[in-house]
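**Student:** When you get a sec, could you build the whole thing from the sequences and use the hints?
Take a look at the letters that make up each chain.
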Amino acid sequence: MSKPHISIQNLNVSYEGHHVLKDITLDIPEKQITTIIGPSGCGKTTLLRSINRLIDLIDGVKVSGKVLVGKTNVFDNGIDVTDIRKKMGFIAQMPNPLPMSTYDNIAYGPRIHGIKERKRLDQIVEHCLQTASLWNEVKNRLTEPASKLSAGQQQRLCLARALAIEPEVLLCDEPTSALDPISAGHIEEQLLTLKKDYTIVFVTHVLRQAKRLADHVIFLYLGELVEQGPAETVFYQPSDPKTKAYVEGVFG
Amino acid sequence: MKLLTEDNAVNTRRLKNLVASKLMFSTTIVSGLIVFIIAFTLFQKSTLILTTQPLSELLFSSSWHPWRGEFGFYPFISGTLLVTALAMVLSIPPSLLMSIYLAEYAPKKIRGIIKPMVDLLAGIPSVVCGLWGILLVVPLIRDYIAPLFGASTTGFSLLAGGIVLAIMVSPIVISISEEVIRAVPHQAREASLALGATKWQTVKHVVTRSAFPGIVAAIMLGFGRAFGETMAVLMVVGNVPKVPSSLFDPAYPLPALIANNYGEMMSIPLYDSALMLAALILLLVVLLFNVAAGILLTGIKRRLAFG
Amino acid sequence: MDKRKLEENFYKILMIGSTLIIVGSLVSILIVVLFKGALALSISMLTQTPKGGYYLGKEGGILNAIIGSLYLAGGATFIAFITSLPTALYLNEYAGRSKLAIFTRQSLDILWSVPSIIYGVFGFTIMVYLGLRASLLGGIIALALLELPIMVRVMDEVMKMVPLKLKEASYALGATKLETTLNVITRQALPGVLMAILLAVGRAVGDAASILFTAGYSDAIPGSLFDPAASLPLAVFFQLGTPFPEVQQRAYASGFILLVIVLSLSIASRLLTKRFMRYVIK
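Protein sequence lines correspond, in order, to chains A, B and C.
Just so we're aligned, residue 1 is where the first sequence starts under my numbering, counting upward by one.
Just so we're aligned, residue 1 is where the second sequence starts under my numbering, counting upward by one.
Just so we're aligned, residue 1 is where the third sequence starts under my numbering, counting upward by one.
Calculated directly from the structure, the hints in this document are not laboratory data.
The structure presented is a predicted model; accordingly, all values stated were derived computationally and were not measured.
Since no wrong hints were added, every one of them can be taken at face value.
Taking lysine to any residue pairs in the SDA-like style, the calculated list, with each CA pair at most 20 Å apart, reads:
no., chain 1, residue 1, chain 2, residue 2
1, B, K108, A, D56
2, B, K109, C, I267
3, B, K115, C, L30
4, A, K116, C, K5
5, C, K274, B, I113
6, C, K12, B, T198
7, B, K204, A, L57
8, C, K165, C, T176
9, B, K22, C, T186
**Tutor:** In structure tokens form, the structure reads like this:
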């Protein structure tokens with residue numbers, strides 16, 4: 001594997017009495033698309049959200065273990081969580097535009113991190129919307145509320161918004177599950193292009209999607225890591241019988 | 001409906017049902033009409049003065065000499081507006097800050113103690129607040145605040161009225177704002193935090209934006225309550241029929257005018273009609289604010305439901 | 001990052017400060033009134049009426065105000081209750097979503113926010129028209145107007161929560177609307193109805209503006225509906241402004257009793273709400 005960008009060591013997460021992630025150790029390679037697959041409820045989303053510490057928002061969550069991004073453990077005591085999150089772009093399952101105009105949605109990230117000049121913000125907004133292939137559709141409606149866009153457009157907006165903070169990693173939590181096939185296709189295309197510049201971690205429960213996109217695969221089952229490795233290996237020559245059963249569609 | 005049955009009991013039951021529903025219908029109709037009857041009565045009684053004096057003079061003249069037949073409401077209208085505005089200025093910033101604190105920052109235990117306390121204290125009777133005003137606020141102004149600004153006053157002033165009113169109105173604003181803020185869906189918060197915003201930035205830019213209409217409604221309801229509040233303000237505001245020229249001057253709001261003069265009403269011609277007009281104005285203003293706030297609140301509820 | 005942290009800490013200080021000021025002021029009201037009032041309390045204060053002349057009377061207590069308030073609140077609650085219960089039942093079970101129901105609910109919501117002095121003015125006008133003088137009856141009418149919207153709307157909300165399947169069970173057995181209403185709805189909603197009553201009474205007992213013109217004031221306990229009646233809020237109001245400390249003491253004592261009554265009612269209705277909620281959500 002090329003140099004791992006993110007290294008997870010002995011990660012355990014539990015909340016409300018459920019032990020959701022059990023002793024997870026794995027590596028996520030740089031500038032590739034890593035998909036996390038597995039049946040519903042097995043901890044994929046929790047794993048994803050551990051990387052940018054969105055799990056901090058859960059009441060009563062308990063975490064042990066390390067998540068190393070480069071050399072830094074995101075769970076270290078001295079760490080400023082907002083710095084970590086700035087390095088990670090996050091796209092949720094349901095599009096969640098901020099209650100503002102399209103322009104402001106994209107500009108929000110840069111603004112809160114200190115960029116004020118209008119010109120620079122304009123450049124950032126245009127660039128990100130271009131990359132998310134949304135620019136042509138919204139360039140004349142930048143000041144309209146983002147809530148007026150269609151679901152597919154909103155999700156591309158969320159992608160653009162994530163890109164605007166210049167992250168190193170893109171974390172995607174089933175980003176196309178609420179979209180129609182054409183919009184979903186758009187998002188997938190963008191991600192395939194973006195992987196040359198960003199490390200992408202992509203959660204999905206749709207095997208076919210995983211097969212289309214993945215360079216590297218992580219298979220979780222009931223909170224445990226079952227198998228990880230390059231896509232061809234995991235999909236076509238899996239070593240664990242559970243993996244074999246899953247990718248052949250027996251369960252999940 | 002066929003009542004051709006041998007069973008008398010059934011007939012009696014049906015009859016009871018019918019009579020009862022007619023009775024209930026009438027109480028419902030009466031209840032629904034009361035507010036209109038009140039408004040109509042006030043209007044009726046105001047017509048006398050409305051027909052004998054030009055409305056512009058009633059509203060804008062400062063000369064209040066009822067025994068001479070002069071009824072310039074301006075000092076009272078401005079008194080009401082000033083004391084209400086002052087109360088809102090004093091109350092809104094701390095109330096909103098407190099709402100944000102309770103909704104976003106306060107630990108569960110603290111919220112669990114303070115929130116019920118605030119709700120409880122919303123029910124403190126007006127005269128009790130007035131009592132507190134006389135015992136605490138008036139001397140505070142007279143002995144500490146006014147000298148700070150080089151003014152001398154009895155303490156019974158616009159400022160006293162504003163402070164007491166602000167405390168009375170705060171629980172309403174806080175209670176509603178806090179709920180509206182809590183109701184902001186977590187997806188919006190999550191999106192902001194995921195971009196690396198701090199909690200405060202999230203609150204400042206995203207949460208308050210979403211909660212804004214609800215907060216405005218809360219403030220308008222507060223306004224409505226402040227306008228109509230009578231006793232507490234009456235007890236501390238000085239009651240001099242002149243437009244106050246400073247915070248330390250006494251003022252004379254409309255409700256106080258009505259409350260103070262009902263006794264004299266009957267002896268001077270036109271006086272009672274004038275006071276009815278004052279009551280009518282008060283009623284209409286309060287109604288306006290409350291109806292507007294109500295519309296805003298239902299609009300928000302609908303918006304949040306379709307999120 | 002430091003700048004952002006600074007801003008956040010700055011506002012945190014403001015927020016906590018605001019909380020302290022507001023909570024502190026509210027608590028100071030309680031402390032001041034309860035303290036001064038407690039000092040003024042004595043057995044004679046509670047069991048005697050003022051003697052020897054209106055404002056100048058230096059002896060006696062506030063029994064006139066206590067009994068007066070009780071009569072006023074009692075009478076008003078009775079009238080409001082017999083009007084509001086049928087109305088709430090009608091709105092829920094008979095009128096449903098009809099225009100009448102929407103209209104009545106809106107109208108009562110508006111009525112709820114009317115300043116209480118308007119009730120006083122209205123009541124006074126009616127009394128003059130009917131040739132009545134300021135009396136217990138007048139005060140009762142004004143307070144009943146005050147209590148009505150509160151009772152109806154709260155009962156209404158509470159009855160809305162009666163589960164459909166209970167009502168269905170009753171109808172399926174062939175019961176009339178009246179029978180279902182009386183046996184099922186009222187029984188299920190009983191704690192909520194009590195809560196509505198407590199809420200309304202709490203509001204009425206503390207109100208001064210509505211009874212200022214209509215109930216009058218007197219040093220004696222009213223002997224009939226047509227006698228003027230003292231009340232705790234007006235006892236505070238009228239007796240505070242005198243230069244005689246003995247009379248002022250009565251004002252403080254009245255304030256104390258009033259506050260204790262209102263807070264107890266408030267706490268009681270809260271506890272009922274909690275019990276009711278647990279009861280309903282099966």
